[in-house]
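Trainee: Listed below are the residues making up each chain.
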Amino acid sequence: MADSGQFTGDGESSATTSVSEGTAKSNISRRGFLRGAGITAASTALIDGVQLLHREAAAETIKGNAHVRELGPGPVPVTLNVNGTEHVVQIEPRTTLADALRTHLGMTGTKVVCDHGACSGCTVTLDKVPVNSCMTLAIEVGSRRIGTIEGIAQNGQLHPLQVAFVKHDAMQCGFCTPGMVMSCSALLERNPKPTLADVKKAVSGNLCRCATYPKVFAATLEAAGVAPEKSIS
Amino acid sequence: MNKFIFSDCTSVDAALSQMTGEAVVKAGGVDVLDRMKNGVIEPAKLVNITNIPSLRGIHETETGVRLGALVTLAELGDHPLLQSQYTVLADAAGHAATPQIRNAATLGGNLMQKVHCWYYRSADFACLRKGHDMCFAYDGLNQYHAIFDTNVCPSVAPSSTAVALSALNASVELTSAKGKRLVPVREFYIKPDDKHPTMETVIAPDELLTAVLIPKPAAGTRSAYQKYGEKSSYDWAIADAGVVLEMQGDVCRKAAIVLGAASPTPRLAVDAAALLVGKPITEETARAAGLAAMQGATPLSMNGYKVQLFPVAIYRTILLAAGKMDRDPSAAG
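Protein chains in written order, with the working numbering: chain A, 0 to 232; chain B, 142 to 474.
Hints are computed from structural coordinates only; laboratory data are not their basis. Some clues are possibly wrong.
What the hints assert, rightly or not - Taking lysine-lysine and the DSS-like style, the derived pairs with C-alpha atoms no more than 30 Å apart in a straight line are:
#1 B/Lys465 with B/Lys420
#2 B/Lys255 with A/Lys110
#3 A/Lys200 with B/Lys395
#4 B/Lys178 with A/Lys127
#5 B/Lys332 with B/Lys465
#6 B/Lys465 with A/Lys199
#7 B/Lys420 with B/Lys357
#8 B/Lys372 with B/Lys319
#9 A/Lys200 with B/Lys336
#10 B/Lys465 with B/Lys357
#11 A/Lys166 with A/Lys192
#12 B/Lys319 with B/Lys357
#13 A/Lys166 with A/Lys200
#14 A/Lys110 with B/Lys178
#15 B/Lys372 with B/Lys357
#16 B/Lys332 with B/Lys357
#17 B/Lys372 with A/Lys199
#18 B/Lys372 with B/Lys336
#19 B/Lys178 with B/Lys319
#20 B/Lys319 with B/Lys336
#21 B/Lys178 with A/Lys200
#22 A/Lys110 with B/Lys336
#23 B/Lys255 with B/Lys357
#24 A/Lys127 with A/Lys199
#25 B/Lys255 with B/Lys336
#26 A/Lys200 with B/Lys255
#27 B/Lys319 with B/Lys271
#28 B/Lys395 with B/Lys336
#29 B/Lys332 with B/Lys395
#30 B/Lys420 with B/Lys336
#31 B/Lys178 with B/Lys332
#32 A/Lys199 with A/Lys166
#33 B/Lys420 with B/Lys395
#34 B/Lys319 with B/Lys332
#35 A/Lys200 with A/Lys127
#36 A/Lys127 with B/Lys465
#37 B/Lys255 with B/Lys372
#38 B/Lys372 with A/Lys110
#39 B/Lys144 with A/Lys192
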C-alpha cells in the first residue's frame, strides 16, 4: 500500500541487517535518485516517525496466555527468509509482504499492480507455493521460505524459464512478467512436464493487459522441454 | 490500511479470549485485508488464527467428513475424496478466484466473507447494509446484483463453497467459551431485513467458525458445480449453481439445487429440485428445473440478463452432475 511506507520506508531500511546486492549499488539509477529526493523532502516526517517508533515500542506483549502474542501497532522486528537469506526488518503489522520486500528490503522486482489480489502481479512463493504478496501480511509469513523474482536466476545465470521468456518475447510492457515467471517457475517445480492446459491453469490468475499469454505458454513449455502443441492460444 | 494490533493465537481458547471490542478475526486474510484496504473496516486488532493447528485438516469420519476452518480452497479442490464423493465442493473451491488466492484463502474465511456489492465495499457510500439509511444499488449500477430477495439490500452471496455446502446440507461448527453448536449452512446466512440490515450470518460476536461437517452422501449420489462470469480464466460469479442428485439407476430420488450470486444468501431452489424427483435426468427435465428456479425473480434495472443466464447454468450443471454433459468450457474458473 502506498500509504504505509512512502516516506518511512527508507528511514526504516537502515534497521535491516542485510540488504540484497541489488540495493547496495552505488551508481545512480532512476529509482535511487527518486529515493534520495524523497528522503530530503521527508526528513521532518522521518523524525516524527522515529519518535513514534519509540513511543510504540511496547512492540511485543506476551499475555498471561502462552498461546497469544500481541504485536504492534508500531514497528516490530520480523525475520524474513527471502531467497535463502534471512533479513530482519522493523515493520508494522499492517505491512504487506509486498511492501516489506519492495520498500524495506529494496527488492522491487516484485510488482504491486492492483493491490487487491485480483491481478497476481505481486506473486511470490511461500515454501514454493505461489501467493499474492499484496494480500499477505509480512508478519504472518513466519519461517516459510519466500521466493521472489530476484531469486530465480542462480549464480548470474538466467533460469531456463527466463531464457525462454526472452527468446519468445513473452512480454510487452513487462509489468506482469515477474508474477508470470513466479507462477510458471512454481508450476515447473511441482510439475516438470506440464501440458498446455497445466500452464494455462497456472497463470490463470495472472493478468496481462498486453495479452502475451500465447508467448508465456510457449516459453514455459519450451523451458520444460515439452513440444509445443499445435494451437498454443 | 489502518494500524492495528496483531494478536497471533495458537489455540482456539486464546483466539476466543482475544475476540473483544474492535477485534476482527483473520484467517487467510483475503476478504478482511480487502475491506481494510478499501477503508470499509478499521479494526483496532486482528486476531490471527492461521497458527492454530486444530483448525487444519480434512478428516473422514464415520458420518461423513470434517473440514477444519483453515483448510485452503486449493486443498479442497485437490483432495481425491472430495473430488470423488463431494464433487460439488471440490469443484466450487477449485474454481474460486485465482490459484494464488486459493493457496491462501481458507474455507472458514470463504464462508465468512461479506456480501458483494460495490457500494457496500466502498468507504464512499454510507449504505444500508453498513448500518446507514439508504441503498445505492436500486437506482445505481446493479448489473451484478441480486434477482431474488431484493426488497432490502440486493447484494449477492459471494461464497461458492457456501453454495456447495448448502447443496450437500453441511453444517458449520461454531465455538465459543460456552461450548460448541452446529448450524446447518442452509440456516447460517441471514437475509437482510429492515430491523437488522447489517447482520449477514447467525454467528455471535463471541463465536469462532471452527469446522464444517458434511454428512456422508447416500449411495448413488452425484454432484457438480459450475460458475459463469464475464471472463473464463477467473471471475466472481454472475451466476453459479451447485447440484446434488441422489440417483437410483436412471431415476432421481432426491435433488438439491443451490444458486449463488442470485440473492443476498445462497438460494435453495426447492421447487426446481422437486421437478427432478422420481424422473430420469434428461435435457427436458433439466431445462424445466432451470426455468422453474426463476419463478418469482425480481430483477433490478440492469440485471434482467441473469434471469436468462441462471436457467442455462442450472440446466448444464444438472446434466454435468448426472454425467450426461461435459463441463462447460465457457464456464468460469
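Trainee: If you draw a straight line from the CA of B/Lys178 to the CA of A/Lys127, is it 30 Å or shorter?
Mentor: 27 Å, holds
Trainee: Need the status of pair B/Lys395, B/Lys336: alpha-carbon distance at most 30 Å?
Mentor: 36 Å, violated
Trainee: Next pair to validate is B/Lys465 with B/Lys357; report whether the Cα-Cα distance is within 30 Å.
Mentor: 24 Å, holds
Trainee: Sort out whether B/Lys336 lies within 30 Å of B/Lys319, counting only the CA atoms.
Mentor: Roughly 27 Å separates the two Cα atoms, so the pair holds.
Trainee: For the pair we were handed, B/Lys319 and B/Lys271, check the Cα-Cα distance against 30 Å.
Mentor: 29 Å, holds
Trainee: Quick one, are B/Lys178 and A/Lys200 close enough, alpha carbons at most 30 Å?
Mentor: 28 Å, holds
Trainee: Regarding the pair A/Lys166 and A/Lys200, is the alpha-carbon distance no greater than 30 Å?
Mentor: 22 Å, holds
Trainee: Check whether the Cα positions of B/Lys465 and B/Lys420 lie no farther apart than 30 Å.
Mentor: 15 Å, holds
Trainee: Has the given pair, A/Lys200 with B/Lys255, been kept, meaning a C-alpha gap of at most 30 Å?
Mentor: 27 Å, holds
Trainee: Hint check: B/Lys255 vs A/Lys110, CA-CA at most 30 Å. Holds or violated?
Mentor: Since the Cα atoms of B/Lys255 and A/Lys110 sit roughly 28 Å apart, the hinted pair holds (cutoff 30 Å).
Trainee: Given the hint that B/Lys319 pairs with B/Lys332, does the C-alpha gap stay at or below 30 Å?
Mentor: 27 Å, holds
Trainee: For the pair supplied as a hint, B/Lys255 and B/Lys372, confirm whether the alpha-carbon distance does not exceed 30 Å.
Mentor: Judged against 30 Å, a Cα distance of about 23 Å means the pair holds.
Checked against the numbered hints above, the structure breaks hints 3, 5, 8, 9, 15, 18, 19, 22, 28, 30, 36, 39 and satisfies the rest.
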